[in-house]
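**Student:** Spelled out from the first residue to the last, the chains are:
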Amino acid sequence: MEGEIDWLHLVSSSPERTEHLGRVLGEGLVPGSVVSLRGDLGSGKTTFVRGLALGLDVVEPVTSPTFTLMHEYAGRLPCYHFDAWMSGREALFLEGGGAEYLGGDGVAIVEWSDRVESWLPRPRLEVRLGHRSPEERSLALGLLGRGESGDREGTRLEAALARALEAVRAELD
Amino acid sequence: MSQAGTSSELILGIESSCDETAAAVVRAGREVCSSVVHSQIAEHAPFGGVVPEIAGRSHLRQILPVVEEALDQARVDLDDLAAIAVTSRPGLIGSLLVGLCTAKALAYARGLPLVGVHHIEAHAYAATMESDVQLPALALVVSGGHTALYRMASPTDLALLSQTLDDAAGEAFDKVAHLLGLGYPGGPEISRLAEEGDPRAIRFPRYRAKEGRPSFSFSGLKTAVLYHLRGQDALAPTPAPEDIERPQDVAASFQEAVVDTLVGETLRSAEREGLETILVTGGVACNARLRERMGEAAAERGLRAVFPSPAYCSDNAAMIAGLGFELWRTGATADLELDASAR
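Respectively, the protein sequence lines represent chains X and G.
The first sequence runs 14 to 186 under this note's numbering.
The second sequence runs 2 to 344 under this note's numbering.
For reference, chain X alone in the conformation it holds in the complex:
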């Protein structure tokens, strides 16, 4: 029910700003969080992920996982960074056991998530990035699957994700 999502729309004027917004969101993530990212080549997905990782206290450099399909980073929570650019490869990877990392003990971050949509759990946070100009990027952040959780664990996760999103909104005021 995409129509019911309360999207938080914002504009970033620089990669530094995009990274900072990711960091604020990352600081609020809890075990089991899944963050999906959609957006064109060069729209700032990896930059936003770098911020998410900073917010999770990951000290290692965050680089593109396209080649190896998933990078794992140790932060205050384990951080699993997926890239579904080559959707056929990523789907086979998820099918071959990679899906166990989604919604487990850590935080899963999925770039090009629209290409593996059916694999992704709800509730989850989604970030949609787009080009506005060579420098500016539009961002829309939303909580998918609000109110769908039938168990206490899901409800708790949903509440935590909603709080993480609110922290980004508060950042704008």
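Keep in mind that a hint or two might mislead.
To be verified - Keeping only pairs whose Cα atoms sit at most 20 Å apart, straight-line, the calculated DMTMM-like set for lysine to aspartate or glutamate is: (1) G/K105 to G/D81; (2) G/K211 to X/E29; (3) G/K211 to X/D118; (4) G/K105 to G/D158.
Hint data in this document are derived by calculation from the structure and do not stem from the laboratory.
The hints should help you fit chain G onto chain X, whose structure is shown.
**Tutor:** Here is chain G on its own, set in the frame of chain X:
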């Protein structure tokens, strides 16, 4: 009796970290008696990149025939070997495990020492196998999964100086090749098309690391290519490959920007570190334009750039056996607990 005799300096190397199943027999770290590589490229090409599940299964099918062929070509038996060296990291876990388990089983069965080899260190070592190289040297390892500079004090002592902040150089080739409607892997395809193009036709940006923070970056370049294809309109749709004007100029100009970035950062590092020899290795080191430009730029500054032959730039087991010899010689052997690691 095998023809190779009972030399105690023969090492069997096994490599299966990504999408090549390879085995080689190397004497004393340098003399390659055999080097067999079974490439899985055709199996992964339909997906535009390596699929771990497919890679692991393919390694399983190929590993024993490849090892046997390497021993046959070298005309040695397992009993002639001094040790077995195997890539234990980094790479795809499911792929690494195939080579590792094979090496462990052979080592255990024949009572041979086992040596775990770091794949990236072996790439750097490859550049020292075919020519006499004075160490310390600067090593640029550039491939589909890595773009990094190391200070190589000895074959077994590499210190990371800088690496890519985002995409590996080979990955940028793959992504731009995809935009241009070319096949996988992108490097050779772009390189071929670039031969017909003008490298100065489009001035793509060159990443320049901030002072005191040496690094590479290819993400901005990839975006610049995308904007060029969209006529500098960020909101325009990406044109279909057949609608791209003069794709050969895009390929040549893009390749030139990658090469400029690699050459520039490498030479600055060599200067900063006071190193006179530059080793360039990894799959992208096969790129003819990179070999040409790095060689020229190094010579202009009185430095020496060394490239392994293309066969030893991309993944192979000769480099594993080579570095394995150095490790074995210094007593750096592993036990059967040796584990694979993705990083």
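**Student:** For each hint, tell me whether it holds in the structure or not.
**Tutor:** Hints, verified against the model:
In summary, the hint linking G/K105 to G/D81 is supported, as the alpha carbons are separated by about 17 Å, within the 20 Å threshold. A distance of roughly 14 Å separates the Cα atoms of G/K211 and X/E29; the hinted pair therefore holds under the 20 Å criterion. About 37 Å separates the Cα atoms of G/K211 and X/D118, which puts this hinted pair outside 20 Å; it is violated. Pair hint G/K105 plus G/D158 does not hold up; C-alpha atoms about 25 Å apart against a cutoff of 20 Å.
Checked against the numbered hints above, the structure violates hints 3 and 4; every other hint is satisfied.
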